[in-house]
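Given the coordinates of chain D, assemble chain E onto it according to the supplied hints.
Chains as they are written, first to last, in the working numbering: chain D, 2 to 308; chain E, 2 to 308.
Just so you know, not all the hints are guaranteed correct.
Identical copies go unnamed one by one, so any copy, or any two together, can satisfy a pair.
Unchecked claim - In silico DSBU-like links for lysine-lysine, alpha-carbon gap of 35 Å or less:
no., residue 1, residue 2
1, K190, K62
2, K176, K63
3, K190, K42
4, K77, K190
5, K140, K93
6, K77, K264
7, K264, K190
8, K264, K176
9, K62, K176
10, K93, K190
11, K190, K63
Simulated from the structure, these hints should not be mistaken for laboratory data. Small disclaimer: the values here were computed from a predicted structure and weren't measured.
Protein chains: 2
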Amino acid sequence: MSILAIGSVAFDNITTPAGRAENVLGGSATYFSLAASYFTKVRVVAVVGDDFGAEHDHVLKKRGVDTLGIERAAGKTFRWGGQYLENLNEAKTDFTELNVFEKFQPHIPAEYRDSQFLFLGNIHPALQAAVRLELSDVKLTGGDTMNFWIQGANQELRETLRLVNILLINDGEAKMLANERNLPRAANKVLAMGPQALVIKHGEYGATIFFREGAFGFGSHAFRAPALPIDEVKDPTGAGDSFAGGFMGYIASQEEVNREVIKRALFYGGVMGSFTVERFGTERLQSLTRGEIDARFQVFRELTHLE
Amino acid sequence: MSILAIGSVAFDNITTPAGRAENVLGGSATYFSLAASYFTKVRVVAVVGDDFGAEHDHVLKKRGVDTLGIERAAGKTFRWGGQYLENLNEAKTDFTELNVFEKFQPHIPAEYRDSQFLFLGNIHPALQAAVRLELSDVKLTGGDTMNFWIQGANQELRETLRLVNILLINDGEAKMLANERNLPRAANKVLAMGPQALVIKHGEYGATIFFREGAFGFGSHAFRAPALPIDEVKDPTGAGDSFAGGFMGYIASQEEVNREVIKRALFYGGVMGSFTVERFGTERLQSLTRGEIDARFQVFRELTHLE
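So here's chain D without its partners, still in its complex pose:
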């Protein structure tokens, strides 16, 4: 099934201990779409400026991503610069130029209205909610958010969370959103806000999904998938969005959404994140094969499974 993703498209300047890259194509929707494209058809709703050329569009199109929903606006594309020098888990932002992204109002092309899977990337929660409400055929919505909205648009975020089936955030965001330091208790509080499942991303320690009782079938309350211990993380940018792309893309590719599918999706999320960080920007995500992805899925399985 096709998945519709909304989010940011950006040009990034990235500095890490492994080097530096300038003006590389990035943004949450870009990483998400490329990662999801190995599993299912992806449609993107985003906004770019005059500096987004055919060569950038081609990066997505080459992977079969439908870019009809990428709106061209007058001005420059969102630009971000940051460095990971002391800590590969957290970027120090050098600059954020929202440019055309500042006034982003998602427009859903008519051709996208039959989308059954939706991923609401990290934009203002009111825009996330509006997109969800515009699409009547959606059967599963994934969503992301961040500290900025948890603090600055909490009421709108609470409304949006009632429309999201699976929320994907990190440890710090979950604790902030729930106002609770204990992770399982924080998870329960977030689940009480609406989502049927909550994926908490732990960076190099993998991810845990918490299910509401009875959601997507029955089984244990939580499930954990590992991250691969990686000798050389070249560039952590986009790892979380790639995780979401692998996770949602795999779910959308399956006949039925049940717990076993969602657990495997959690592994595929980790797999896609692990590829992304091996090279700068989206480089690794552009050139994968499904065979490489499934081989790494097996590595993840061996990393955690007893005989």
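Chain E only, in chain D's frame:
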């Protein structure tokens, strides 16, 4: 097979958000021995003072632990006081009174000389090495250490590491020992110092074991076991030592030491740590059944295994 454990026996004053406990029996050797006692016979070498009574000895004896090697010295037992208020992963120490532990010189009873499994708890690395060298029948040695020795007795620690088959430390200790921030690279550096396998404990995120190529058979370089997401951590004291006890105890209970045994042992380590933190001090560890342990092992498996 019997396992010989050396380490500390202490009385602890513990404050956590869940309450306070005073003068409770603790110390690395105590937690280790109780946890390991569910898997195999345990012999302890430690030192206590006049304040260590029959009722304390009974806590260990009741679990079948051989306390012949616990030496009574004139003076008071090691005492520690600490609190976990802001952060359950790290104690703020209120006081450390080494007392009789300060001059601890491990004496191995003749009856213990045939021990084939050895666990060197967190004491001065020179003492750890001396104990290992005194025992000629040992076929597997596990060891622990801490920042204090990594910084203050580095040369002696390096010598000891050549005698240790499996080292169990946490993320921060591994990074400090290797002088390397990337965890897999840090692991490789530590393995090059001597151990055939390195267990890195990640607290609430579980643990990863890294194998030297060809050690304990063949297979993937790393294996991860989860920690159970626990709603209410009453008291984290002793979780790491209980982990080591479950891990080493399970290994010592098996006919053969191979990778599959070690992987299961990593799960049992997590299981024992998860029980310990449910109550203050060693309370939970005193009253378990093997049935409860194996049931939780299954929970850990379900938490991580795909169908």
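Quick rundown of the hints versus the structure:
1. In this assembly of identical chains, K190 and K62 lie within 35 Å of each other by CA distance neither inside one copy nor across copies; the values are 40 Å within and 43 Å between.
2. In this assembly of identical chains, K176 and K63 lie within 35 Å of each other by CA distance neither inside one copy nor across copies; the values are 39 Å within and 41 Å between.
3. Proximity of K190 and K42 under a CA criterion of 35 Å is satisfied intra-copy only: 34 Å inside one chain copy versus 44 Å between copies.
4. In this assembly of identical chains, the alpha carbons of K77 and K190 never lie at most 35 Å apart, being 40 Å within a copy and 47 Å across copies at closest.
5. Proximity of K140 to K93 under the C-alpha cut-off of 35 Å is found in neither arrangement, the shortest distances being 37 Å within a copy and 49 Å between copies.
6. Taking identical chains as interchangeable, the C-alpha atoms of K77 and K264 are never at most 35 Å apart, the minima being 40 Å within one chain and 53 Å between chains.
7. For the identical chains of this complex, K264 and K190 are neighbours both inside a copy (21 Å) and across copies (34 Å), given an alpha-carbon limit of 35 Å.
8. Both within a single protomer and between protomers do K264 and K176 lie at most 35 Å apart by alpha-carbon distance, with minima of 23 Å and 31 Å respectively.
9. Neither within a single protomer nor between protomers do K62 and K176 lie at most 35 Å apart by alpha-carbon distance, with minima of 38 Å and 43 Å respectively.
10. In the homo-oligomer, the alpha carbons of K93 and K190 lie at most 35 Å apart both inside one protomer (30 Å) and across protomers (28 Å), since each shortest distance falls under that limit.
11. Taking CA atoms no more than 35 Å apart as the test, K190 paired with K63 passes in neither setting, with 41 Å inside one copy and 41 Å between copies.
The structure fails to meet hints 1, 2, 4, 5, 6, 9, 11 from the earlier list, while all remaining hints are met.
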